[in-house]
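> Listed below, chain by chain, are the residues.
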Amino acid sequence: MNPFAIGAFITGTLAAFFGVFVYFKNRTRMENQIFGVMSFSLTIWSINFGFWQMATDKTTAFLYVHLLMIGAIFIPIFYIHYILALLNLIQEKKKFLIAGYLITLIFLFFNFTPYLVKDLRSVLYFPYWPEGGVLFHFWLLWFLIALSYGLYILIKKIKESRGIKREQIKYVILAASIAFGGGLTIFPLWYKIPCPPIGIFIIFLYPLILAYAILRYRFMDIRFVLGRGAIYTLSFITVIASAFLLIFLNNLLGNPVPISIAWPLILIISILLFQPIFRFFEKFASKYFYYTFYSYQTVLTDLGRKLTQVLDLDQLSSLIVNTLMNTMKLDRTVVLLREPGDGEYIIQRNIGFKEENGISLVKDNFLTVWLGRTQKPLVYEELSLIIRDTTEKEEGERLEKLQGNMKRIEAALCLPLFIEEKIVGMIVLGNKLSGEPYSSQDIELLTNLANQASIALQNARLYSEVKGFSKKLEREVEKATRELKEAYEELKKLDKAKSEFISIASHQLRTPLTAIKGYISMMREKIYGKPPEKMEKPLENIYLSNERLIKLVNDLLSVSRIEAGRMEIKFEKLSLEEIITSVVEELKNEVKKKNIYLNWEKPKKPLPKISIDRDKIRQAIMNVIDNAIRYTEKGGVTINLKILDSKFQIQVKDTGAGLTKYELSKMFESFSRGAAGTRLYTEGVGLGLYIARRFMEMHDGKIWAESKGPGKGSTFYVELPIK
Amino acid sequence: MAKKILIIEDEKILAEMYRDKFTQAGLKVYLAFDSKEGLALAKKEKPDLIILDILLPKENGIVFLTWLRKDSEISSIPVVAFSNYDDPETKRQAAKLGAKDYLIKTSYTPQEIVEKIREYLK
Numbered sequence: 001m002n003p004f005a006i007g008a009f010i011t012g013t014l015a016a017f018f019g020v021f022v023y024f025k026n027r028t029r030m031e032n033q034i035f036g037v038m039s040f041s042l043t044i045w046s047i048n049f050g051f052w053q054m055a056t057d058k059t060t061a062f063l064y065v066h067l068l069m070i071g072a073i074f075i076p077i078f079y080i081h082y083i084l085a086l087l088n089l090i091q092e093k094k095k096f097l098i099a100g101y102l103i104t105l106i107f108l109f110f111n112f113t114p115y116l117v118k119d120l121r122s123v124l125y126f127p128y129w130p131e132g133g134v135l136f137h138f139w140l141l142w143f144l145i146a147l148s149y150g151l152y153i154l155i156k157k158i159k160e161s162r163g164i165k166r167e168q169i170k171y172v173i174l175a176a177s178i179a180f181g182g183g184l185t186i187f188p189l190w191y192k193i194p195c196p197p198i199g200i201f202i203i204f205l206y207p208l209i210l211a212y213a214i215l216r217y218r219f220m221d222i223r224f225v226l227g228r229g230a231i232y233t234l235s236f237i238t239v240i241a242s243a244f245l246l247i248f249l250n251n252l253l254g255n256p257v258p259i260s261i262a263w264p265l266i267l268i269i270s271i272l273l274f275q276p277i278f279r280f281f282e283k284f285a286s287k288y289f290y291y292t293f294y295s296y297q298t299v300l301t302d303l304g305r306k307l308t309q310v311l312d313l314d315q316l317s318s319l320i321v322n323t324l325m326n327t328m329k330l331d332r333t334v335v336l337l338r339e340p341g342d343g344e345y346i347i348q349r350n351i352g353f354k355e356e357n358g359i360s361l362v363k364d365n366f367l368t369v370w371l372g373r374t375q376k377p378l379v380y381e382e383l384s385l386i387i388r389d390t391t392e393k394e395e396g397e398r399l400e401k402l403q404g405n406m407k408r409i410e411a412a413l414c415l416p417l418f419i420e421e422k423i424v425g426m427i428v429l430g431n432k433l434s435g436e437p438y439s440s441q442d443i444e445l446l447t448n449l450a451n452q453a454s455i456a457l458q459n460a461r462l463y464s465e466v467k468g469f470s471k472k473l474e475r476e477v478e479k480a481t482r483e484l485k486e487a488y489e490e491l492k493k494l495d496k497a498k499s500e501f502i503s504i505a506s507h508q509l510r511t512p513l514t515a516i517k518g519y520i521s522m523m524r525e526k527i528y529g530k531p532p533e534k535m536e537k538p539l540e541n542i543y544l545s546n547e548r549l550i551k552l553v554n555d556l557l558s559v560s561r562i563e564a565g566r567m568e569i570k571f572e573k574l575s576l577e578e579i580i581t582s583v584v585e586e587l588k589n590e591v592k593k594k595n596i597y598l599n600w601e602k603p604k605k606p607l608p609k610i611s612i613d614r615d616k617i618r619q620a621i622m623n624v625i626d627n628a629i630r631y632t633e634k635g636g637v638t639i640n641l642k643i644l645d646s647k648f649q650i651q652v653k654d655t656g657a658g659l660t661k662y663e664l665s666k667m668f669e670s671f672s673r674g675a676a677g678t679r680l681y682t683e684g685v686g687l688g689l690y691i692a693r694r695f696m697e698m699h700d701g702k703i704w705a706e707s708k709g710p711g712k713g714s715t716f717y718v719e720l721p722i723k
Numbered sequence: 001m002a003k004k005i006l007i008i009e010d011e012k013i014l015a016e017m018y019r020d021k022f023t024q025a026g027l028k029v030y031l032a033f034d035s036k037e038g039l040a041l042a043k044k045e046k047p048d049l050i051i052l053d054i055l056l057p058k059e060n061g062i063v064f065l066t067w068l069r070k071d072s073e074i075s076s077i078p079v080v081a082f083s084n085y086d087d088p089e090t091k092r093q094a095a096k097l098g099a100k101d102y103l104i105k106t107s108y109t110p111q112e113i114v115e116k117i118r119e120y121l122k
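In order, the protein sequence lines correspond to chains G and W.
Residue numbers for the first sequence follow our numbering, beginning at 1 and rising by one.
Residue numbers for the second sequence follow our numbering, beginning at 1 and rising by one.
Hints listed in this document are in silico derivations from the structure and should not be mistaken for laboratory results.
One or more of the hints may lead you astray.
Unchecked claim - 27 Å max Cα-Cα, derived DSS-like pairs, lysine-lysine: (1) G:K588 - W:K116; (2) W:K4 - W:K96; (3) G:K493 - W:K91.
Said to hold, decoys possible - Some chain W residues judged to face chain G by a derived CB distance under 8 Å, without partners named: (4) M17; (5) K105; (6) T106; (7) T109; (8) P110; (9) Q111.
Cβ coordinates follow ideal geometry from the N, Cα and C atoms, glycine included.
Construct the complete structure from the given sequences, taking the supplied hints into account.
Set out below in structure tokens:
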């Protein structure tokens, strides 16, 4: 088959297919309707072109030429109509359009007359190429004017339009240029200029590109498309050229490789060569031609890398906003982040949006819900299409409201930030300063970037939260410490007041006690004359009671001093033996009165002196022995002293009341530690053993008691380290 | 000749009690009820020993001791602090100012005090 016929059939089939497809995609839109009829005219032209090329006799050929001319006559006016519809200029250019249709009808009327096509003749290798009549020159002129005019308004309008429309126009210009260029190759032969109508092979691109421009609402970056296309074409030509060169060389050398082998061989080589050649050209082109596109991608990839290196939330959001704005040349950008608790949005970083506008899109949660559902960026220009496709009335209304909102604040794209499919924030982008829409590459890049940004922002926020939390914690701890300190100071003051009270009160108590002690002892010394014998016993009792009181006051003073930390210690090298002896001496009278024994089993040979505070150790030992005597009614108390390891141990063993387990555990505590002390003893407040314990502790010594139970006596142990 | 003892003591009951006892023990006793009076009496009588209470009205016993030490006329008279005020710091001060001893009143009967005085007077 004639390759020109094949080209024509391909164009016809594609034109028919896209015409029908676009028409049924949206029958109500004028753009789509006119595209339909335009494709129909193109189909008629190209199909008949094909049949004409296949025709074997002149009559058949002539018929197909007349038929193809019908299509050809309609092409320019439909093309103009389509462009006017696309640019919303139909009303404005109504007269021109009507005139165009009238001209078309005139040419159509003359189609089957020789005025348009006079005859068929053999030109180049086409046996039946038509020869134009008088009107043909006019028609060709009209054709060229129409096409040029169409291109002219497109180019004029591209400057005024923005976004999607602008991109659409670009594609239409591309398509028109191809059709124009392709169509122009058809006509030279009419004037016997030997130029083959190779344009027939590229005209199929015309419906293809236009369909793409109508159907797609987000375009591939046209530079990218053109660049890719050019590289493919260049690679293809290179491969074909090399193939032909090889065949030519083979032929020149007298076919050393038989043709039957050479062709498949070359085919295989060509296929293998295509990929590396394509890569070579791609590299070459990216380096020299669409460098800007390449670097733009690099910048955003770089940003992705940088995102992982910044932990400060403010710095991070500034980095994102600045990079996006500088790279994509945007008029405004805002980063919104959601509070972890209530999900409320806050403006993290904003450039270009008015403060209240920056957040207005997320005032109700529709956008959030929508983005959460679609899991992809929302482009303003796609909204009208989304609204059109929405079947739910309420959703449609809300989308319209959103559309209005985005338009008002001039937001072009909402880029959601997801963490595990939950929206943690969004980046709202404005328009590109160039007026270009967001291309598929942009969206893809932005989506990838958003993924990285979400993680980085989330990390930064967690980091700042942890930082904030630790600061807060620090403050809380500080506050608590301060309060505790204040409370402690207050307590210390109270405690000091208490100690002072006890101290003063004790001193005050001592004065009358001194007087009683002095006078009674003087009376007993018979300084005031000999008292009656009957009075001797009462006087002694008064004296002893007074002594008890004095001791009680002394104990109170000791305790208050111990607890106020004002007890001082004065070490001297002393003989423990002597101290015990003096205590025993002092208590002899008391023992005698109770009619019990007090055995002091002195060590057989003198023991070494140790470093102790005389008064305190004496008081401690006195308290322990005194305590034993007090609770022993029968039998007596045995004291012994020995060295155990590196310690002195005093044992005070009595045959007295014995102790319960509870008493054993509580008896060395002061009355201030609990009620036990006051309950335990009927006489005194039981401070003696507490004081003994504290004094022992001051000497790094120990005091404890053992008892087999009530009524079974007890043994007190006092241990002092040898120092 | 009987030894002279000056008792500086604001509590009248105690002062009189010790006076009775000391006099009976053959000592010549002078009583003063505050530091100033004590100082004047000390200068006038030059006692062999001063029994000094510490908690006194207006100037306390420690102040009396500083006065005494500054006055060369009487600075060599031995002083025994005799108080129920049992405070380590005060005890230290008294010792620093040359007090021979610091006795707690309730720990001793008048007889024991007399014995102590005899010892100091030796």
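> All the hints need checking, so say for each whether the structure fits it.
Cross-check of the supplied hints:
no.	hint	verdict
1	G:K588 - W:K116	holds (22 Å)
2	W:K4 - W:K96	holds (24 Å)
3	G:K493 - W:K91	holds (25 Å)
4	M17	holds (5 Å)
5	K105	holds (4 Å)
6	T106	holds (5 Å)
7	T109	holds (4 Å)
8	P110	holds (5 Å)
9	Q111	holds (6 Å)
Of the hints listed earlier, there is not a single one the structure fails to meet.
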